[in-house]
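Student: One letter stands for each residue in the lines below.
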Amino acid sequence: MTVDATTPDRIAVEGLVKRFGEFVALDGVGFRIRAGEIMGFIGPNGAGKSTLIRILCGLLAPTAGRAIVGGIDVARDPEGVREQIGYMSQKFSLYDDLSVMENLRFFAGIYRIPPSQRAERMRFALDMAGLAGREQALVGTLSGGWKQRLALGCAIMHEPRILFLDEPTSGVDPMSRRRFWDLIHTLSAQGVTVLVTTHYMDEAAYCNRIALIDRGRLVIEGTPAELKHHALGGQLLRVEGGELGRLLHDLPGEPGVLDVAAYGNALHVLMHEDADAAASLRHLLARRGLAYARIEPAEPTLEDVFVHMVGVARQPASAP
Amino acid sequence: MFARIWPLVRKEFQELRRDRYALIRLLVPPILQMLIFGYAATFDVSHVSTALLDRDNSQASRALVARFVDSGRFRITATAHRDRGITDALENDKAVVGLVIHAGFARELAGNGGASMQAVVDGTNSNTALIALGYVGQIANRYASDQAALRADSRQPLLYARLPQVGLQGRALYNPNLDGKWFFVPGVIGTLLLMMIVNLTAFAIVREREVGTLEQIMVTPIRPWEFILGKTIPAFLIGLAEAWLIGIVGVLWFRVPFTGSVWMLLLGTVLFLLGAVALGLLLSTLSRTQQQAFAANFFVLNPLFILSGFAFPIASMPDVLRWIAAVNPVRYYLVVIRATFLKDVGLSVLWPDLAAMAAIGGALLVASILRFHKSLE
Chain Y
66 MTVDATTPDR
76 IAVEGLVKRF
86 GEFVALDGVG
96 FRIRAGEIMG
106 FIGPNGAGKS
116 TLIRILCGLL
126 APTAGRAIVG
136 GIDVARDPEG
146 VREQIGYMSQ
156 KFSLYDDLSV
166 MENLRFFAGI
176 YRIPPSQRAE
186 RMRFALDMAG
196 LAGREQALVG
206 TLSGGWKQRL
216 ALGCAIMHEP
226 RILFLDEPTS
236 GVDPMSRRRF
246 WDLIHTLSAQ
256 GVTVLVTTHY
266 MDEAAYCNRI
276 ALIDRGRLVI
286 EGTPAELKHH
296 ALGGQLLRVE
306 GGELGRLLHD
316 LPGEPGVLDV
326 AAYGNALHVL
336 MHEDADAAAS
346 LRHLLARRGL
356 AYARIEPAEP
366 TLEDVFVHMV
376 GVARQPASAP
Chain W
10 MFARIWPLVR
20 KEFQELRRDR
30 YALIRLLVPP
40 ILQMLIFGYA
50 ATFDVSHVST
60 ALLDRDNSQA
70 SRALVARFVD
80 SGRFRITATA
90 HRDRGITDAL
100 ENDKAVVGLV
110 IHAGFARELA
120 GNGGASMQAV
130 VDGTNSNTAL
140 IALGYVGQIA
150 NRYASDQAAL
160 RADSRQPLLY
170 ARLPQVGLQG
180 RALYNPNLDG
190 KWFFVPGVIG
200 TLLLMMIVNL
210 TAFAIVRERE
220 VGTLEQIMVT
230 PIRPWEFILG
240 KTIPAFLIGL
250 AEAWLIGIVG
260 VLWFRVPFTG
270 SVWMLLLGTV
280 LFLLGAVALG
290 LLLSTLSRTQ
300 QQAFAANFFV
310 LNPLFILSGF
320 AFPIASMPDV
330 LRWIAAVNPV
340 RYYLVVIRAT
350 FLKDVGLSVL
360 WPDLAAMAAI
370 GGALLVASIL
380 RFHKSLE
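Line by line, the protein sequences are chains Y and W. Counting with my numbering, you get residues 66 to 385 for the letters of the first sequence. Counting with my numbering, you get residues 10 to 386 for the letters of the second sequence.
The following block holds chain W by itself, in its conformation from the complex (with noise of 0.2 angstroms):
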C-alpha cells in the first residue's frame, strides 16, 4: 500500500540533502524570528519618551516628577517650557506621552483643594496610549494618597484611618510577574511553525509543475493520495523537527517555564501540522506557478495569523470573524501550546482544541487529495 509512497518520500529528503542551503533555510530563519518575535511581541509599556512641562517647578512637582521617571515605564526626552513645545515633541515624534504640572501645583497641594496635572498623549498606536495613561493614573494616585497619608499622620491620624477603604489583591495564576514573554513565546512557536510549513509545502507540488517533473510523474500509475501523501510526509517530519527547535529556543532562552506534558505538545503539534501541511499542498495544487503559491501564501497566512488570537483576543472580535477563525487550525493550537506551556492541562481541558484541529486538518488533506488531478488542464 506504502510501495509507491516510500520512494517519493526518499527522493523529497534527498533533494533537501542535496541542496546546500536547506539546512540554512530551516535552520536560521525559525531561531532569527524567534529571537526577533520574542523580544519584540510584547504589549508591555516602558521606557516611554515623555515631554515635561513644569510649571510648578516646586519641590513637590519635581517629586513628582521624580516618580514617573523611577517608575521605569517613563523616560523624559524632551523638556517644554511652553504649551506649544509638548505638541511639537509630540508631533515630532520625540515623545509619546507629555506631562504639564500646572503652576500651583505645590500650593493646591497643600491647601484643602486638589492639584491638577495634564496628560497629553500621541493617540496614533491606541494601545500604547491607553497603556501609558493608565500608568500615568497609576503613579499619580500613588502619588496623592502617599501625600494624604503623611498629611494624615502629621495632623488627623484618627480621621484618616476612619475612612472607608477597599483593598485590592490582585494574584496573576500561572504567569505570577504578568510578564508578555510567557504569552508570546508560545504563540511564537505556532505562528512560525505555520509560516515555516505552510510555504515548505505550498512551493512543493508548484516546483515540480514548474520544472516538468510533474509531468512525468503524472504518467506513471501513481494514484493522487499516494503522490499528496508522499508529499506531505517529509514536510511533517521536517516541521516536528522545527517545533522542537522553536520550542528548545523558547524554554533555553527566553525562560519560558514548560509545565504541561511533553506528549500533549506532541500530540497537539502533530494535529497542527497536518492541517499546516494539507494547507499548504491544498495552494500548491490551486496555484500554477510559484508566484501564484506565493500570492496565495501571502493572502491566506496574514489573515490566518491576525485571526489566531497570537495577539488580538478572538473573543472581542465581530461575529464575523470569530466564525472566520473557527477554521482556523493555528488558533486551537495557540490554545495547546500555551495551556502545555503554562498550565499543564490535560486531555479533559484540551480535547475540543485537538478534536477541531484533526477535523480541519483531514478535511484540507482530503479536499488537496480531490484537488491534485493527474491532469495538466
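Pulled out of the complex, with its shape left as it was, chain Y reads as follows (with noise of 0.2 angstroms):
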C-alpha cells in the first residue's frame, strides 16, 4: 500500500518510525482510519501509544515513514494538520486556575472561532461538558470527570474532523468513563474520526476498531469480533478447582497447550485447534495426575486476545 495525500482515509499511516537515540519507540507502523471511525490502540504503558499520537498531531517528527492527517502529510505541513485535529493529552491541560468558562473562551479564541459562532459553540461544549451553571467555577475545584469532559469540549469547539484521545479515561471513575463514550460515540456518529488509546480492556469494546501495540510494533489489528475468534488460533478453555498455581506452572509446554493464563479464580487455557480440546486437555491432565473440577469452553476476552498476541510477539525469532 502506497499513502500519499490523496487517500480517502482520514488517517494512514505508513511505515512509521521513531527513535529517542538508541530507544526505538514506534517500529514500523502502518494502519488507516475511515471517517467516523472510532479506532482504539491498546498497550502496555510504554508501547508507543504517546509517540503515536503525537507525531499525528505534529508535536514529534517521525524517523521515517509517513502519517496522512485529514489528507496532509504531518511532517510537512503540521499547522495544516492542526487546523483540523482535537487532541486531548494524556495529563489535564487546561488552566486550573481560570473558570470553565474562561479556559472555554481562551481555546475559542485560540482556534479564531468567528465571533457570532462562538457563544453557541462554548454553551454547546458547556452542555456536553454537563458543566451548565458552573461557569464560573474555577477548573482546578472539579472532579476528574469533569475536568476531562471540559477537556474533550475544548478539544471539539472548533470542529475538528479528527480527535486524537491520549488515554482520556485514566483516573475517571465508571459512571463517568461511561458517559466519556457515549459522547464520542455521539462525535463519530457524526463523521468524527477518532483515534484513542487506552489500557483499559473494556473499553476497547466501545471501539469499531482496535490495534494491539506492543514494544512499538503493531501486534495485530481489527474489529473486537474479529479479534476475539481468529487472533486466538487455538481454542480457550476455562479450568475451575484444584491447585491453580500448580497448573499454571506445570501446563505451559505441554503438547497441545498454546498459552495458560491466570483469570479470576479460574486459569485460562489455549488449547491448539481441535475435534475436541477438552477432551484432551482432559486427558493431559490426567496423564499428569493434576487435580480440577471443572473444564468448559470459554469466551475470548479482549484480554485473552492481548496478553496472548504479546506473548507470540514478543517470542524469539527462532521460535515456531
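Since the hints were derived computationally from the structure, they do not count as laboratory data. Just so we're clear, the structure is a prediction, and the values are computed from it rather than from any experiment. It is possible that some hints are incorrect.
Taking lysine to aspartate or glutamate pairs in the EDC-like style, the calculated list, with each CA pair at most 16 angstroms apart, reads [said to hold, decoys possible]:
| no. | chain 1 | residue 1 | chain 2 | residue 2 |
| --- | --- | --- | --- | --- |
| 1 | W | K103 | W | E117 |
| 2 | Y | K293 | Y | D267 |
| 3 | W | K103 | W | D131 |
| 4 | Y | K293 | Y | E338 |
| 5 | Y | K156 | W | D92 |
| 6 | Y | K156 | W | E219 |
Over the 10 angstroms line for every Cβ pair with chain Y, so calculated as not near, a few chain W residues [to be verified]:
| no. | residue |
| --- | --- |
| 7 | N66 |
| 8 | S135 |
| 9 | Y152 |
| 10 | M227 |
| 11 | I231 |
| 12 | S270 |
| 13 | F307 |
| 14 | L330 |
| 15 | K383 |
| 16 | S384 |
Positions of the beta carbon are idealized from the N, C-alpha and C atoms, including for glycine.
From these two lone chains plus the hints, build me the complex, please.
Tutor: This is the structure in C-alpha cells:
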C-alpha cells in the first residue's frame, strides 16, 4: 500500500518509525482510519501509543515513514493538520486557575472561532461537559470526570474532523467513563474520526476497530469480534478448581497447550484447534495427575487476545 | 492578525488576578529592595570604626583626634596602649582603621621638623580602605596647614603670605553634593526592573511546559510569533508599571531629583523592557524545567548586573568584558535613566543608547521566536 495525500482515509500511516537515541519507540507502524471510525490503540505503558499520537499531531517528527492526517502530510504541514484536529493529552492540560468559561473562551479565541458562532459553540461544549450552571467554577476545583469532559469540550469546540484522545479515561470513575464514551460515539456518529488510546481492556469493546501495540510494533488489528475469534488461533478453555498455581506452572510447554493465563479464580488455557480440545486437556491433566473441578469452553475476552498476542510477538524469532 | 494574541494576553492577566499572592509578589519585593538598595548601595565612607593609639597624649594630639571624630568620617571604637592593640583590633574586626600618634608629636609639631603619625588600614575591602586613607590624609593635612597658618600668623606673617599656593575650586555638576544616592537610586531602578522582569518571563513558558498546558497550545494552529508576543505583552505591561512604582519611590523617598523628560524615560524604559522580556523568554525556551530556568537566570543576571556600570565603571574593565558589556541592555538603560534623572539631556545625546537597546531587544525577541518550536523535542 502506498500512502499519499489523495488517500480517502482520514488517517493513513505507513512504515512509521520513531527513535529517541537508541530507544525505538515506534518500529514500522502502518494503519488506516476512515471517516467516522473509532479506532482504539491498546497496549502496555511505554508501548508507543503516546508517541504515535504526538507524531500524528505534529508534536514529534517521525524518524521514518509517513503519516497523512486529514489529507495532509503531517511532517510537511503540521499547521495545516492542526486546523483539523482536536487533541486531549494524557495529562490534564487546561488552566486550573481559570474558570470553566475562561478556559472555553481562551480556546475559542486561540482557534479563532468567528465571534458570531463563539457563544453557541461554547454553550455546546458546556452542555456536553454537563457543566451548565458551573460556568464560574475554577477548573482546579472540578472532579476528574468533569475536568476530562471539559477538556474534550475545549478540544472539539472548533469542530475538528479528527480527534486524538490519549488515555482520556485514566483516573476517571466508571460512571464518568461510561458517559465519556457515549460522547465519543455521538461525535463519531456525526462523522468525526477518533483515534483513542487506552489500557482498559473493557474500553476496547467501545471501539469500531482495535489495534494492539507493544514495544513500538502493531501486533494485530481488527474489529473486536475479529480479534476475539481469529486472533487466538486455538480454542480457549476455562479450568476451575484444583491447584491453580501448580497448573499455571506445569501446563505451559505440554503438547497441545498454546498458552496459560490466570483469570480470576480460574485458568484460561488456550489449546490447539482440535475436534475436542476439552477432551485433550482432560486427558493431559489425568496423565499428569493434576486435579481440577471443571473444564468448559470459554468466550475469549480481548484481554485473552492481548495477553496471547503480546506473548507471541515477544517470542524470539527462532521459536516456531 | 492579533486575533490569537489577545486571548493569550487576557489569559495571562486572568491567571495573575487569580493568584492571590501575585500583587504582594509584584509590589513588596521591588519597594523593599529599593529601600534596602537605596540605603546600602553606596561607596560613601563614614563612621569608620577606628582604633586609636595615642602615645603622645598631649593637647596637640588630642586636638588632632578631635578633628577625626568631628569630621563624622571616623568613630573611635577601640583605644590601644601598645602596637599590638592596633593589629588586634583590625584582626578582630573591631576597627577598620588604626591611627597611631607617636610620642613626641606635640614637640615635633612645635619644632621645625614635621610631626608624623601612622595610619594602618584593613585592606580586605580595598575600596573602603583607599577612601578611608584618603580622608586620613585630608584631615591630617588640613590640621597641619592650620597649625602652620597659626604659627605664621604669630611669627612671620609676611613670609607665609608669600608662599606660592595653588587654590583648587572643585565644583560637581548635576550632583553638587556628590551624594551617592543620586547615582545609585536610578541605577537601582534599572537593575531591579531587570531582575523582576527577566524572572517573570523566564518562568512564563517553562511553567506551561511543566503543567502540560503548553502541549495543548502547541496542537492549536497558533504561530510561534503569536505565542511569544502573547507572552511578551503582559510581562511588558507589568514591567512598565513596576518601573513607575520603583521610580516614584526613588523620587519621593530618596529625594533624587528628576530633572529630565518623562517621555524620554518612558521611551528608554520601553526599549529596555523589550530586551529584558525577550531575554527572559529566550531563557524560558532554552529550559525544560523551572529549576533549569532558575539556574539559567542566576547564570545570566549576575554578569549582566556586574557589567552594567551599576557600581563598577565599564571604562575601567578589560577589553573582553567591555565587549560583553556592549551587548548588555542594562548598561544602556542605566545611562539613559541616570541622564534623564540628573542631567536632563535629550535624544541628541541619548540616541546611541536607545538605538543599542532597540537592536538588542529586537535581536533577542527574534531569537526567542526562532527558538520556540512547536515541538516536544
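Student: Taking the closest pair, is the beta carbon of Y152 (chain W) still more than 10 angstroms from chain Y?
Tutor: Per Cβ check, Y152 (chain W) is outside 10 angstroms of chain Y; nearest 68 angstroms; holds.
Student: Grab the minimum beta-carbon distance between S135 (chain W) and chain Y and tell me whether it stays above 10 angstroms.
Tutor: The claim stands: S135 (chain W) keeps its Cβ more than 10 angstroms from every Cβ of chain Y (closest is about 51 angstroms).
Student: Checking one constraint from the list: CA of K156 (chain Y) to CA of D92 (chain W), max 16 angstroms. Satisfied?
Tutor: Distance of about 73 angstroms is beyond 16 angstroms: violated.
Student: Verify that the Cβ of M227 (chain W) lies farther than 10 angstroms from every Cβ atom of chain Y, and report whether the claim holds or is violated.
Tutor: About 6 angstroms separates M227 (chain W) from the closest Cβ of chain Y, which leaves it inside 10 angstroms; violated.
Student: If you draw a straight line from the CA of K293 (chain Y) to the CA of D267 (chain Y), is it 16 angstroms or shorter?
Tutor: Holds, at roughly 13 angstroms.
Student: Check the non-interface label on L330 (chain W): least C-beta distance to chain Y beyond 10 angstroms or not.
Tutor: holds (39 angstroms)
Student: Is N66 (chain W) truly not at the interface, in the sense that its beta carbon sits beyond 10 angstroms from all beta carbons of chain Y?
Tutor: Given that every Cβ of chain Y is farther than 10 angstroms from that of N66 (chain W), nearest at about 73 angstroms, it holds.
Student: Beyond 10 angstroms from chain Y, beta-carbon-wise, is S270 (chain W)?
Tutor: holds (38 angstroms)
Student: I231 (chain W): least C-beta distance to chain Y exceeds 10 angstroms?
Tutor: Answer for I231 (chain W): violated, closest chain Y Cβ roughly 6 angstroms.
Student: Is the hinted pair K156 (chain Y) and E219 (chain W) satisfied, with a Cα-Cα distance of at most 16 angstroms?
Tutor: Holds, at roughly 11 angstroms.
Student: Take the C-alpha atoms of K103 (chain W) and D131 (chain W), compute the straight-line distance between them, and say whether it is at most 16 angstroms.
Tutor: holds (11 angstroms)
Student: Can we confirm that no CB of chain Y comes within 10 angstroms of the CB of K383 (chain W)?
Tutor: Violated, since 7 angstroms does not exceed 10 angstroms.
Comparing the model with each earlier hint shows violations of hints 1, 5, 10, 11, 15, 16; every other hint is respected.
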